[in-house]
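*Asks:* Next come the chains, spelled out residue by residue.
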Amino acid sequence: MYEPRIIAFLCSWCSYTGADTAGIARMKSPANIRAIRVPCSGRVSPELVMRAFDQGADGVLVLGCHIGECHYDTGNHRAAKRLPILRSLMTFAGLEPERLHLDWVSASEGERFSKIAEEFTGDVRALGPVHWRVNPDRKQVASQMLAASREAIPYPETDCAAKTDAIRKKARELLANNQVSCVIGYEVSRRGRSRPVFVYTPEETGRLVWNPDCTNNLTTYLPARLRPIKGKEPPKPVAVVVKPCDSKAINVMVAENLYRRDQVYALGVACEGIRCPDGNLQTRCVTCQEAVPIVCDTLISGATSSFIPRLSSYAREEIAELQDATPAERLEFWLGHFDRCIRCYACRQACPMCNCPVCLYERDDSTFIGLGIGLNEKRTFHLGRAYHLAGRCVGCNECERACPMNIPIGLLNQKLAEEIEATFDYRAGLTVAPSPVVTILSGEYKEG
Amino acid sequence: MSKSTAPKKRWLISQAELEAWLDGIANARTLIAPRQESGIILYRPVAKSGEIAWHGQTSRSAHGGRPVLSVKEIFFPPTERLFTIQKTGQEIRLKETFPDWETVVFGVRPCDARGVKLLDALFLDTNPVDSFYARRRGNTTLIGLACKELGPTCFCTSVGGAPDDAQDVDIMLYETDGGYLAEAVTEKGRFLIPGGEWKETTASPQQSTYSGQFPVPEKGKWPEHFNDEYWAKMSERCLSCRACAFVCPTCRCFAVRDELVKPGEFERIRCWDSCAGENYRLVAGGHRPRAEKGERLRNRFFCKFFYYPEQYGLGAASACTGCGRCIEVCPVGVDITEVLMHLEKPA
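The listed protein sequences derive, respectively, from chains A and B.
For the first sequence, my numbering assigns the number 1288 to the initial residue and increments by one for each residue that follows.
For the second sequence, my numbering assigns the number 437 to the initial residue and increments by one for each residue that follows.
Fair warning: there could be bad hints in the mix.
[What the hints assert, rightly or not] Heads up, simulated SDA-like pairs for lysine to any residue below, C-alpha to C-alpha not over 25 Å straight-line:
| no. | chain 1 | residue 1 | chain 2 | residue 2 |
| --- | --- | --- | --- | --- |
| 1 | B | Lys669 | A | Tyr1552 |
| 2 | B | Lys669 | A | Ile1660 |
| 3 | A | Lys1426 | B | Gln643 |
| 4 | B | Lys729 | A | Glu1290 |
| 5 | A | Lys1517 | B | Val697 |
| 6 | A | Lys1426 | B | Lys531 |
| 7 | A | Lys1519 | B | Lys698 |
| 8 | B | Lys698 | A | Glu1290 |
| 9 | B | Lys729 | A | Thr1451 |
| 10 | B | Lys531 | A | Lys1519 |
| 11 | A | Lys1519 | A | Thr1451 |
| 12 | B | Lys669 | A | Glu1290 |
| 13 | A | Lys1426 | B | His723 |
| 14 | B | Lys669 | A | Lys1426 |
| 15 | A | Lys1426 | B | Asn463 |
[Said to hold, decoys possible] Computed footprint of chain B on chain A, listed as stretches where at least three residues anywhere in the stretch have a Cβ under 8 Å from a Cβ of chain B:
| no. | stretch |
| --- | --- |
| 16 | 1442-1448 |
| 17 | 1482-1493 |
| 18 | 1611-1621 |
| 19 | 1624-1632 |
| 20 | 1684-1691 |
[Said to hold, decoys possible] Negatives, chain B to chain A, calculated, CB over 12 Å:
| no. | residue |
| --- | --- |
| 21 | Trp457 |
| 22 | Arg465 |
| 23 | Pro481 |
| 24 | Arg573 |
Hints in this document: simulated from the structure, not taken from any laboratory.
Everything numeric in this text was worked out from a predicted model, so none of it was measured.
We put the beta carbon where it would ideally sit given N, CA and C, even for glycine.
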């Protein structure tokens, strides 16, 4: 008979002792459970849970102290916020939700431990063996993009000359007054491609442009430029051209103490949408709800603004379509897409929120992921990255745009954004507030 | 632009004949060809000729039909297991697994074929021979397909290649009115061609359209630019991702590591790496000789135009084949042709 392998992360103070109590009282508990003692359920990071599934666990049980009884005050609150979000991410990627369970057991509740363990084991046994871990020799099966049920929207004709002039004028002024050290904006290359440009003198401001191809989220350059370096003068403010979606990233970064708001001068452009190379509106623009930037020191608006919200919500239809599929179908969908990934990290590098000095998934001593460009590693990277962006992703979708392999990464971020909004009534970047599932350990922004 | 003097054997075939021939190949061997997958074109195994993306224009690809990744991935895959290590008690057993199947790659563009040639120089022609690469290379036949004209990001003619250069493939196909002109370039290629069935011809292929050539700085001119301020400036927008290197037909850096498969079993794997990544030159003690992204990006260009010719010579002017993929995938518009033009004529 099939016996599932279950990893149980037990909080040292309550649940582990609770399991002990069950043992001492000679209560029956299933032998399927491999207990791992952790100091607190708040210590159980999503990476640990994902790692357990990556290594072949059939189920993961996380047990902590009852709410209000945490020996570290709020450690179990953290678990209570994080794990349901992780579960919805893994469910979206094809895991059966019943395989991950969070519950509370106190030191005296031996009977409760025994009951939860018994029930959970029964549930997982009923599901049968897990198909999460992928055989590295698996044959390649391609996933097609979801059929776009929505018609492509052609990019509306807009006048960009007025905005270009306004950006140049303001940039010249800021640099001439020595208000900022640099203006980060867009230029058009010799090849005709719009791309980021860094302007340091008033004379160079003629290079700055605005057009419907200004796709990059330029706030991604800010943290490195505004980081104080020991023994050096604090960095001078920087001006940056932002679209409404990009501007939200500034709020998140300020909330996470990466720089102060007064270090950034936002040249906010009223945006009518950005187009794809094929001339249609980008996906993010179809669901965009903001006509003007949320963070903005000077508003750059053209003579006419033709912004019309195209849909009444941020939601992407593909997500609902995927949610209607079976877990096995979702698993195949994502594996088929992740299969193309080459771990070039273009998604991560283009992302303003991916600003860790060294990525957890690229550390040489990382215990969460191997070096290989194999299917297991690729999925771990993408799901891990998506989780780290939960409540932080502002939906600029640059990761998906930057991906040379056309992987619909944005769907993962969007899914978690919807989940966070439903659970916490919170959308990233609308105000200076950190993500509800993120814990910021460093205090205020410090000089030097 | 065949550089050999002996007259080549040529055949005139129709699209239907070509497809039938490819179907035959797919039945007997592994046929890899450009195939559309989720909106992009990649070299992938195909079961029949109908799966081939002939001139597939996708929303993502500017050059009709050019796969996003070069044929490099067939010979030098992103991740490869070199051997497994099994430990039982005191005994340690190493086991190698060699790739061992016959493969035919169809639709190889001249720039990609040249890239394979350039990889040969270090994997095959320089000791020690890389047995994994050698095995794959020996078992593979390349069927080239000439480009009629240069795509928007192509610049092969500027770095010594040509859109109809047949010298690095085994069989070359040229599009003609109502079909293809096939040319056997090597013995290996000749072996694949069905003798009696195809109509021989003496016709010459129509020359492709060459356009947009620009001068590229010679090898000797590079060292003087090493300390230019230009590198820091041009790389400001670089995100330090590795996309340019991974799509490049000649970027060949790899990392090797032993990893745990299951208790008692390890594998030694090697996988693509790139000098653009921040960790590439991290050494013990935490020192990073190329800490600035300008230094890292400079290395990419020096590697192509100075280090490679210096090390492997071969009369190759550079390790760049002008395929233009790095220009197309760069999320922030770093453009290798701009760098070359700048160095040739500093503004």
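*Asks:* All hints, please: hold or fail.
*Replies:* Verification of the supplied hints:
| no. | hint | in the structure |
| --- | --- | --- |
| 1 | Lys669(B) x Tyr1552(A) | holds, 22 Å |
| 2 | Lys669(B) x Ile1660(A) | violated, 32 Å |
| 3 | Lys1426(A) x Gln643(B) | violated, 41 Å |
| 4 | Lys729(B) x Glu1290(A) | violated, 52 Å |
| 5 | Lys1517(A) x Val697(B) | violated, 43 Å |
| 6 | Lys1426(A) x Lys531(B) | holds, 22 Å |
| 7 | Lys1519(A) x Lys698(B) | violated, 49 Å |
| 8 | Lys698(B) x Glu1290(A) | holds, 20 Å |
| 9 | Lys729(B) x Thr1451(A) | violated, 29 Å |
| 10 | Lys531(B) x Lys1519(A) | violated, 54 Å |
| 11 | Lys1519(A) x Thr1451(A) | violated, 35 Å |
| 12 | Lys669(B) x Glu1290(A) | violated, 61 Å |
| 13 | Lys1426(A) x His723(B) | violated, 41 Å |
| 14 | Lys669(B) x Lys1426(A) | violated, 45 Å |
| 15 | Lys1426(A) x Asn463(B) | holds, 18 Å |
| 16 | 1442-1448 | violated (count 0) |
| 17 | 1482-1493 | holds (count 4) |
| 18 | 1611-1621 | violated (count 0) |
| 19 | 1624-1632 | holds (count 6) |
| 20 | 1684-1691 | holds (count 4) |
| 21 | Trp457 | holds, 25 Å |
| 22 | Arg465 | holds, 17 Å |
| 23 | Pro481 | violated, 8 Å |
| 24 | Arg573 | holds, 21 Å |
Against the hints set out earlier in the document, violations occur for numbers 2, 3, 4, 5, 7, 9, 10, 11, 12, 13, 14, 16, 18, 23.
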